[in-house]
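For this one, chain A is given, so just place chain B on it according to the hints.
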Amino acid sequence: MKIRDTVADLAQAMDLPQEAVSGALKITLTGRSRAVVEHHRGLRGYSEEVVEISAGTGAVRLLGRDLILLAMDAETVLVTGVISAVEYG
Amino acid sequence: MADAQRWLRGYARVRLTGADLPAFFNRCVRAGIILRDVRAEDALTCTVSLPVSRLEAAGKIARRCGCGWEVLARTGMPEGVRRLRRRRGVLVLLGLVFAGLMLSSLFVWEIRVTENDSSVPDARILRVLADHGVGVGSFWPAFRGERIRTQALLELPELRFLAVNVRGSRAAVEVRAAIPRPEIFDPALPADVTAGRSGIVESVRAFAGMPRVSRGDAVTEGQLLITGDAAFPHARGEVRAYTYYEMTASAPLSRPVKEPNGRSSRRFALILGEKRINFYAGSGILPADCDKMTREWTLRAENAFSLPVRLVMEVRTPYVLRETAADPAACQQELERQLLCRLDRTLGERGEVLESRFTAAMTEGRLVVTLRAKCLESIDRDLPRN
Numbered sequence: 300m301k302i303r304d305t306v307a308d309l310a311q312a313m314d315l316p317q318e319a320v321s322g323a324l325k326i327t328l329t330g331r332s333r334a335v336v337e338h339h340r341g342l343r344g345y346s347e348e349v350v351e352i353s354a355g356t357g358a359v360r361l362l363g364r365d366l367i368l369l370a371m372d373a374e375t376v377l378v379t380g381v382i383s384a385v386e387y388g
Numbered sequence: 287m288a289d290a291q292r293w294l295r296g297y298a299r300v301r302l303t304g305a306d307l308p309a310f311f312n313r314c315v316r317a318g319i320i321l322r323d324v325r326a327e328d329a330l331t332c333t334v335s336l337p338v339s340r341l342e343a344a345g346k347i348a349r350r351c352g353c354g355w356e357v358l359a360r361t362g363m364p365e366g367v368r369r370l371r372r373r374r375g376v377l378v379l380l381g382l383v384f385a386g387l388m389l390s391s392l393f394v395w396e397i398r399v400t401e402n403d404s405s406v407p408d409a410r411i412l413r414v415l416a417d418h419g420v421g422v423g424s425f426w427p428a429f430r431g432e433r434i435r436t437q438a439l440l441e442l443p444e445l446r447f448l449a450v451n452v453r454g455s456r457a458a459v460e461v462r463a464a465i466p467r468p469e470i471f472d473p474a475l476p477a478d479v480t481a482g483r484s485g486i487v488e489s490v491r492a493f494a495g496m497p498r499v500s501r502g503d504a505v506t507e508g509q510l511l512i513t514g515d516a517a518f519p520h521a522r523g524e525v526r527a528y529t530y531y532e533m534t535a536s537a538p539l540s541r542p543v544k545e546p547n548g549r550s551s552r553r554f555a556l557i558l559g560e561k562r563i564n565f566y567a568g569s570g571i572l573p574a575d576c577d578k579m580t581r582e583w584t585l586r587a588e589n590a591f592s593l594p595v596r597l598v599m600e601v602r603t604p605y606v607l608r609e610t611a612a613d614p615a616a617c618q619q620e621l622e623r624q625l626l627c628r629l630d631r632t633l634g635e636r637g638e639v640l641e642s643r644f645t646a647a648m649t650e651g652r653l654v655v656t657l658r659a660k661c662l663e664s665i666d667r668d669l670p671r672n
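Just so you know, the sequences run in chain order A and B.
So the first sequence is numbered by the numbering used here: it starts at 300 and just counts up by one.
So the second sequence is numbered by the numbering used here: it starts at 287 and just counts up by one.
Chain A with its partners taken away, still in its complex shape (with noise of 0.2 Å):
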C-alpha cells in the first residue's frame, strides 16, 4: 500500500500518467450511455442495473439501467447502456 502511495506520488511529480506506473484503474465515460474501466482486477458483480469491479483496492460501481458488458479481456471491461452514477467503495 505504500509502495503503490509512493509510486503514484512520483508518476505526479514526474507528470507521468499514474495508471500507467502504478496500475490504478482508469474509467472513461462517454456521455452516460458508454464507460471503458481499464486495469481492472476482475468482475465483482454483474446485473442490468449494477455492474461491480473489483480495482484491487476496492470496488467501483456502475449503476445505471439495461447495462451490458460489451466486452470484457483480462485489462477492460467496456459497458454500455444507460449510466446513472459511479460509486467507489
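One or more hints might be untrue.
What follows is a list of derived Cβ distance ranges for each label pair [unchecked claim]:
id: 1; chain 1: B; residue 1: R373; chain 2: A; residue 2: Y387; range: 52 to 58 Å
id: 2; chain 1: A; residue 1: P316; chain 2: B; residue 2: S339; range: 33 to 39 Å
id: 3; chain 1: A; residue 1: E374; chain 2: B; residue 2: S339; range: 18 to 24 Å
id: 4; chain 1: B; residue 1: A458; chain 2: A; residue 2: G330; range: 48 to 54 Å
id: 5; chain 1: A; residue 1: H338; chain 2: B; residue 2: T361; range: 30 to 36 Å
id: 6; chain 1: A; residue 1: G330; chain 2: B; residue 2: T361; range: 26 to 32 Å
It should be emphasised that the hints constitute simulated quantities derived from the structure, not laboratory data.
The C-beta atom is built at its ideal place from N, Cα and C for all residues, glycine as well.
Chain B in isolation, oriented as in the chain A frame:
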C-alpha cells in the same frame, strides 16, 4: 473491421446459469478468452458471445464454476464451412462457379476506349482492333501488346500511341492523337505572300522579299502583298489589316416541342457475348413519333471480373409534336452568341474583333439576326509560285 474479424474467427452465443457468474467471467478473461455482449436475463442467467475456438475451454471453466451451459447458436465463417462440408452438391457447384469465373476472366468480355483525345471515333478504333484479334471474346493472355500497337497504328495514322490494358475481363484501350507535322520552310522555293482576305492594310512587316503594299492601302483577296526577289526567292512577312465581316443567322419563332402521349412500354433483351436474345416480337424499328431510351446492365464486379451477359431494357415513349412560341429576346440572345462564336472560329488566333453590332428583323415567322464586325487580323498567306 472488428466485426469482420469476429465473423472470420467464428463465435458462439451461450446461455449461462449459475450463482456466481462473475467468477466464470473472471476465470475466462484470465484464460485469455474475450467475452462479448454479456446480457443479463435475470439474477442467475445471462447470455454471452465467445470465440468458437475457445468454446471447449470456456465450457470447462463453466463446469468448474458450477454454471449451467447451453450453446444457443454458432455463427461465422468456420460454422459456414462446417455446414458446407455436409452439402457436397453445393460445394461442387461453388467450385464449378469459381472455376467458371477464373476461366471466364481469361477472356475479354468488355472493351472500351478511354481518354481518346483524337478525332478518330471510338468505333473505328475498336473495329481496327477487332481485325487484329482484340475484341469481345478474345483470349487476352495471347495478346502481344507491341504487335497490336504496331499493326493498329499503321491503320490509324491519326494516332501516335495506342495501348490495350486488360484488367479482369475488361479491356481499356488508351489512345493519344498524333501531333501534326510542322510545315518545313524552304528558303530556296520561290513563293509570294498574298492576301487571304480583303481589307485595309494596317501594318506590313516584310522579313524576306519586297513589300508591294503599304499602310492604308485597300487590298482584295488574293492580291500580292510581298514578292520574292533574287536575294530572297521565298517571300516572308506579316501583313495586318482591318477586315469587315457580315454574318447572318436565323431561327423560327415557334418550334415543335415533344409531349409524351400515352403510356411508355418496356422491352427486354439479353446479350450473351455477341448474340442478342430478344424477349419480344417484332423488329427494333421505331414507329413514327416515338422515343426510345436504352439502358444496359453488365454482369460484373467492378475492377474484378466481367461476364459476357448484358441485360438490355428499352423504354418506348410515344409523343406528339406541339408548336410552342419561343421567347424572341432569348432567341435573339442565342443567335447573337452563335454568331460571335462563328466569328471567333473564323478569325482563330490570327485576329481579334474591334467592333461589333447586331441588327434583328422578323421575316416570315423567323427571327433574322445580322452581325457586322470590324476586325484586325493577319491576312498574309504563303503562295508558292508555279
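For each hint, the structure was consulted:
| no. | hint | result |
| --- | --- | --- |
| 1 | B/R373 <-> A/Y387: 52 to 58 Å | holds, 56 Å |
| 2 | A/P316 <-> B/S339: 33 to 39 Å | holds, 35 Å |
| 3 | A/E374 <-> B/S339: 18 to 24 Å | holds, 20 Å |
| 4 | B/A458 <-> A/G330: 48 to 54 Å | holds, 50 Å |
| 5 | A/H338 <-> B/T361: 30 to 36 Å | holds, 32 Å |
| 6 | A/G330 <-> B/T361: 26 to 32 Å | holds, 30 Å |
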